[in-house]
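Asks: If you want the building blocks of each chain, they are given just below.
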Amino acid sequence: MEAPLIEVKNVSFAYNQNLVIDDINFEVNRGEFVALLGSNGSGKSTMLKLLLGELEPLTGFVRLMGMEPGKIRSWSNIGYVAQNRAAAYTGFPATVEEIVQAHLYEQIGRFRLPGLKAKAKVKHALEMVDMQEYSKRLIGELSGGQQQRVLLARALVNEPELVLLDEPTTGVDAKNAQAHFELLRRLNQDEGMTILVVTHDMAKAADYVNRSYCMEGGTMVCLEHEQMESELAHRHRHPDRRSIDAIITRKDR
Amino acid sequence: MLEILQYDFMRRALIAGLLLAIIIPCIGTVVVFKRLSMMGNALSHVSLAGVAAGLILGINPVLGAIAVSVAAALSIEVIRKKLPRFSELSIAIVTSAGIGLAGVLSGFVSNSANFNSFLFGSIVAVGSFDQLLIVIVSIIVISVFLLLYKELFYIALDEASARLAGVPVKVVNFIFTILTAVTVSVAARTVGALVVSSLMVVPVACAMQIGRSYRQTIWLSVLFAVGFTITGLVLAFYQDLRPGGTIVLVGVLVLILIISLQALINFVVKKENRIRKAGDIS
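If you read the sequences in order, they're chains A and B.
Numbering-wise (my numbering), the first sequence opens with residue 859 and increments by one.
Numbering-wise (my numbering), the second sequence opens with residue -12 and increments by one.
There's no promise every hint is true.
[Stated by the list, open to error] Each computed SDA-like pair below joins lysine to any residue, with the alpha-carbon atoms no more than 20 Å apart:
{"hint": "1", "chain 1": "A", "residue 1": "Lys867", "chain 2": "A", "residue 2": "Leu877"}
{"hint": "2", "chain 1": "B", "residue 1": "Lys21", "chain 2": "A", "residue 2": "Ala945"}
{"hint": "3", "chain 1": "A", "residue 1": "Lys977", "chain 2": "B", "residue 2": "Arg202"}
{"hint": "4", "chain 1": "B", "residue 1": "Lys157", "chain 2": "A", "residue 2": "Arg968"}
{"hint": "5", "chain 1": "B", "residue 1": "Lys69", "chain 2": "B", "residue 2": "Ala79"}
{"hint": "6", "chain 1": "B", "residue 1": "Lys21", "chain 2": "A", "residue 2": "Tyr947"}
[Unchecked claim] Here's a subset of chain A near chain B, in silico, CB distances under 7 Å, partners left out:
{"hint": "7", "residue": "Trp933"}
{"hint": "8", "residue": "Pro951"}
{"hint": "9", "residue": "Ala952"}
{"hint": "10", "residue": "Thr953"}
{"hint": "11", "residue": "Glu956"}
{"hint": "12", "residue": "Ala960"}
{"hint": "13", "residue": "Tyr963"}
{"hint": "14", "residue": "Glu964"}
Keep in mind the hints are simulated off the structure, nothing from the lab.
Beta carbons are placed, not taken as given, at the ideal position from N, Cα and C, and that holds for glycine.
Model the full structure from these sequences, guided by the hints.
Replies: In structure tokens, the structure reads:
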């Protein structure tokens, strides 16, 4: 069987003696659409930093496409959309096309200008997120949801096999958030991209992902699609026990 | 108009001014978009310390300015790394160090008129060596700017993503910092150390108001800077004004005009929309 695209094994991490990730294991296989759920302070942002190689695990190991993240030299096969990045671009006089094209850096090559091939790739990436008619617009003129789609197009422009997204629907209204998840599902099903989305919004993610890993207090449980639905129903009946912590305790029993 | 070209020093000033008007906004766009607008300011103050040191040691003051501001630019980067969340603090520290050093050193300069000419620039002071230096620096800055166009754009937009895309961020930042320091030092002679940082940001600010893409914004910044320089030099020549200050004031005036015009256009458009909406309802 093919090795998983993301493999996290016995990983722990601590900030100054404070254990934030406690012996976590999880995998994402090719073709899957997986969510990493958790509230603020659950350790999911730390987990993402470990995946991106910004931090190194205290114990265990992380593999992204079979490699240690810190040693990956070319990220063109892995797309990453950071949280709330678009807000920082407002006021920057760059067009959607210029921003997406910038990420083709390695393919265009040093000291060279983008050719027709690069232009076609940019067009294709914008088509995938339904933003092709906005290519000449300034990024600052777009709505939050549209900016988020542009950043997704930028992550897709190198046609990566694996896409990581950090809270893609933060600051986006409910209707656009749903559209964004639908778009991700389409990329997963039609383009065969493997997707890991980090989010605190379990209710949104539940309808779309195959599986989710819930984090709380540095530990993790895995919920299959059906389990997520029953969990959401459970929360609906017991609104006082909404925290994912409660799932972990219930599972332990 | 032709009278201005009859004088050798004016021709030299125009050539030097035009070359600087091309390279300063190129550097300026990246500096502004990296949110380091005050960096030009810091480097120009520091370059004054280099000018003073050069005058005391008897070497060309522009070369002294280059040496000291390259050192200062690199220390800005070092301090910036130590205090990543307070990057503007590094600039404030280097600015004050530069002013302090320039203040103390200028006390030892025997020919204070010469030192003062670096504060606000001087047309007559552009010698043939200075001109040669400006030509060489301009060729280098323009070539590097074109060769690293993609890299500089991505780093200015978003350093973290640029790194993921494979841009050698550290190397490009290092080269750019040195280019900035050299450009500021060379420009100090013509437009003045206290004015060069304004020339770095005012044309960019004007271009940002109307640019419809990054590329267009760069072209517009260069065009604005060239326009300000020619207008400023001509005004300075006929009205007997200080050239550096005149160039910057022309720029600030144009910026105010653009912003006012835009406000006016927005006001008119909004009003028309309101009238149209009212018409639709009735």
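Asks: Against each hint, give a clear statement of whether it holds in the structure.
Replies: Comparing the hints with the structure gives:
{"no.": "1", "hint": "Lys867/A <-> Leu877/A", "result": "holds (16 Å)"}
{"no.": "2", "hint": "Lys21/B <-> Ala945/A", "result": "holds (15 Å)"}
{"no.": "3", "hint": "Lys977/A <-> Arg202/B", "result": "holds (16 Å)"}
{"no.": "4", "hint": "Lys157/B <-> Arg968/A", "result": "holds (15 Å)"}
{"no.": "5", "hint": "Lys69/B <-> Ala79/B", "result": "holds (14 Å)"}
{"no.": "6", "hint": "Lys21/B <-> Tyr947/A", "result": "holds (11 Å)"}
{"no.": "7", "hint": "Trp933", "result": "holds (5 Å)"}
{"no.": "8", "hint": "Pro951", "result": "holds (4 Å)"}
{"no.": "9", "hint": "Ala952", "result": "holds (4 Å)"}
{"no.": "10", "hint": "Thr953", "result": "holds (5 Å)"}
{"no.": "11", "hint": "Glu956", "result": "holds (5 Å)"}
{"no.": "12", "hint": "Ala960", "result": "holds (4 Å)"}
{"no.": "13", "hint": "Tyr963", "result": "holds (4 Å)"}
{"no.": "14", "hint": "Glu964", "result": "holds (4 Å)"}
The structure agrees with every numbered hint stated previously.
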